[in-house]
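Residue numbers (the numbering used here), protein chains in the order written: chain Y, 1 to 248; chain P, 1 to 350; chain V, 1 to 314.
Be careful, since some hints might not be right.
As the list claims (entries may be wrong) - In silico PhoX-like pairs for lysine-lysine, Cα to Cα no more than 20 Å straight-line: (1) P:250 / P:295; (2) P:90 / P:295; (3) V:314 / P:226; (4) V:309 / Y:70.
No lab work stands behind these hints: they were computed from the structure.
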Amino acid sequence: MSEPILEVRGVSKHFGGIYANQDISLDVPKGAIIGLIGPNGSGKSTLFGSITGYHPIDAGSIRYEGREIKHLRTAEIARLGLIRTFQQTHVYDEMDCVRNMLISRPLRGGDLRSLLHHPSAEDRERAEDLLEFVGLASKRHLLAGSLSFGQQKLLEFAMALMNEPDLLLLDEPTAGINPTLINGLIDRLRQANERFGVTLFVIEHNMRVMMNLAQEIHVLAGGRLIASGEPRDIQNDPRVIEAYLGGS
Amino acid sequence: MAQARTSQWIASLAFLAIAIAAPFVLPNNMSQLVDLMVFILIALSWDMLGGQMGYNSFGNILFFGIGMYLVASTQVWMGGYSLAEYNSAKGGNLESFVVTAPVYVTSLIIGLAAAAVLNYFVGLFVGSQLLQTRGHYFAVGTLGLGVAAGEFAGTMDVLGGGSGMNFLQPPEGVNLTMLLYWLGLGTVMLFIAFLIWLHRTRFGFVMNAIRDNEDKAEAMGLPTNKVKSVSWAVAAVFTAIAGGLYGAGKNFIDPTEVAFSLPTIGVWMLLMPLMGGKGTLWGPILGAVLFQLFKEFFWTYLFGWQRVALGLLIVIIVVFFPDGVMGGINALRERLFGKAKSAGESGEAA
Amino acid sequence: MDNILANLQLLTSLAPTINIELIANGLLVGAIFALITYGMALVWGVMDIINVAQGAFVILGGYVSFYFVNAMFQIAPDTPRLLWIILSMPVAAVAVALFAHIVFKLVIERILDRDLFVALLATFGIELVMQQGMNQFFSAEERIIDAQLPTFAFMDYMVNIPGSRLLGASLGIVAAIFIVGLVRYSRFGRAIRATAQNVRAARIMGIDTNRVYAMTFALNGAICGIAGSIVAFVYVIHPFQGLVYTLRAFAIVILAGIGNVVGVIFAALGLGVYENYSGFILGPEFQDGMVFIIVPITLLVRAWIMRRKRQYLK
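Sequences and hints are given; from them, build the entire structure.
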């Protein structure tokens, strides 16, 4: 595989006395789709939080495009092109979908002057295109807060793409999505990866999605990385089966 | 979108026309009209944070008071007098401190400009610190700051100490209320135009994003801290100008009863947007007009009990009419014409 | 500036015993602050409401107590003063609790599930109504109950402790022990704590949470009433002084955290000492300002500490 865009080395994070992440090391190669699975409470979302600067980590190092980012704040990390979505959706409730998209245009420097413009025609076009891409074109003038959970997930995905990330961390993108639409969403994720060149690092509970999508899967259990490998191998790995069925 | 913008400008022009006519229609109510301009300024300023950004400040009175003291001091200083001497002469021979009409007018305008500039930086600094806290904590923190400022201003002898300071007497030939009214109206129009423009920029979008979901705004790389402090700094500018105009009109500054008076102006400035409808452009303006009417009514007919009535008014509005008049109008419109389809895209700052 | 330096010199070299007096007096008034803060934290923790009218409740309790003691004195002039002062505490407690209950029924009940800011502004409105109403009813004159207690002098009259402060602090401590015990060990207290921890679970367990809210708010009224009757003979009562007590209590809660009784006690005693020192060093005209400014300062310190963990005060 190609060189890594993200290198996680020996990351530990504990809350109180409980280790949510313990000595986790893994790579996300540039241009790949990588999966992250594990039972509830195994530390997946915590790892996403550690990577994107939501909390300081206790030990280890996180390198993004060769640069140490563990001391950076969330917004600074996002401006480098590393964006995450949330398990519980985060959208701007009181604004319509188009405006949600327009706000999400990337702001790489963090310079205020670049905010003192009206959104350009290209921005609007791109916003409409991406809403179309995720299948929300007909909802574009509805308030984001009035959308269903699944639609908010799709909107959040579109907003993330609007931000033109290089690496996108998706926290359960198919949760709450109508099962008949899941195949379509898998296609969209793959297209985002191929067409827009976004590296994807995905937490997912739906194993069918994971098997279809990911080139490599990492498995967390009890805050530790217990297995890594191709989907087929992971599916048959006794440690993984133990973790899921044994109730760690 | 373009339609909404046009209607904003038409409404602004209508407002301007009424405001230009007002002094001729109500020549006996000039001081109330000056107060109204002051109220519109502080209501719109408060709404920048409270309505558009979701940060409810009890402390904007800080900028109001600083602006007032600064304008008064600038006038004394530009009149060629020592501030300490001027304030120690209070109660006695203040008549000996006279200035010519041109000096009075220019020093007033320069004082207002100085108040604007200084308070931009005060707002920026205080904001960069206090806006790190959210919700309850921000509100009560700013409350503490606002009342502390009044207490400390009262300890400074150079500013007249606890008994306050007078503005210079306007010389012959200066129609003070007229001057203040037109200065106030000019500032209000500038502020309205600025807000119409701002709410269509990405900066304005980010302010709303912070109100709706600050965590998300940060996760998307938006410079939330900078936007918050700069917004408060801009609000501070217009609040300070309002303070200067108000003080000059009242001609007297008491540190805790006028300049940094939290129980009166400090609360009125958040009551007005609430009455009219916060988070909109015309709501705070409407609220200021309504509030001025209520206030005049209370002061005329309930003398002695007017402040009790005002407190009751706060409670009643907060409990029963939390969306204000604009909210009521929108609800009525929805009931009559069905739910507005594009509430976010065209309805912002409506 | 010069007198500040002179005062500092007094404290450090000329008359170090003044420190003992300042600390002792600070600790004694701190006991009253702790009582008021406990009530605020109770309402805050259980109902998620910051009661800005807290200080006005205290002042109201003071007026009730003032008029009660004066009336009793007129009816029975030969009875011991102390008896009526102590009896005024339950009287003020009941009166303010009743008043708080009316406020609850008229206002608080309607805003329980609304935005936090709504509660803040509504209680601020109540504070204004009470402050101006008391001004109308009782006039703006300062009132004090003269307990006619001696001032105790120690160390050759270098350290002076007013007897009223000693009495106030001891009565405050007794009342605090009683109230904390009530919340800790009674059935009512268990219901309060269950509601504070998890409203939904409390409802499922059959607790009438609305009633718990009403009782909590009334209990807070009673606490304020007791505190007010102490304030009336230790300090003075004045209609516009409520906000000072509210902000003191708020600062103490920020320092200690909600639901931390030991923390509240230490923070309250600390604030009492801080106030006495700042009043002595800077001059009495600074004392209120120094109380108010402690609110944003404690907030900022907490915010800085939390920012290191990339969290914020919410």
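Each hint tested on the structure:
Our distance criterion of 20 Å between C-alpha atoms is met by residue 250 of chain P and residue 295 of chain P, whose separation comes to about 16 Å. Of the supplied pair hints, the one linking residue 90 of chain P and residue 295 of chain P is violated, its CA atoms being roughly 30 Å apart against a limit of 20 Å. At roughly 19 Å between alpha-carbon atoms, residue 314 of chain V and residue 226 of chain P fall within 20 Å of each other, so this suggested pair holds. Annotation: proposed proximity of residue 309 of chain V to residue 70 of chain Y holds, straight-line Cα distance about 13 Å (limit 20 Å).
Hint 2 alone, counting from the list given before, is not met by this structure.
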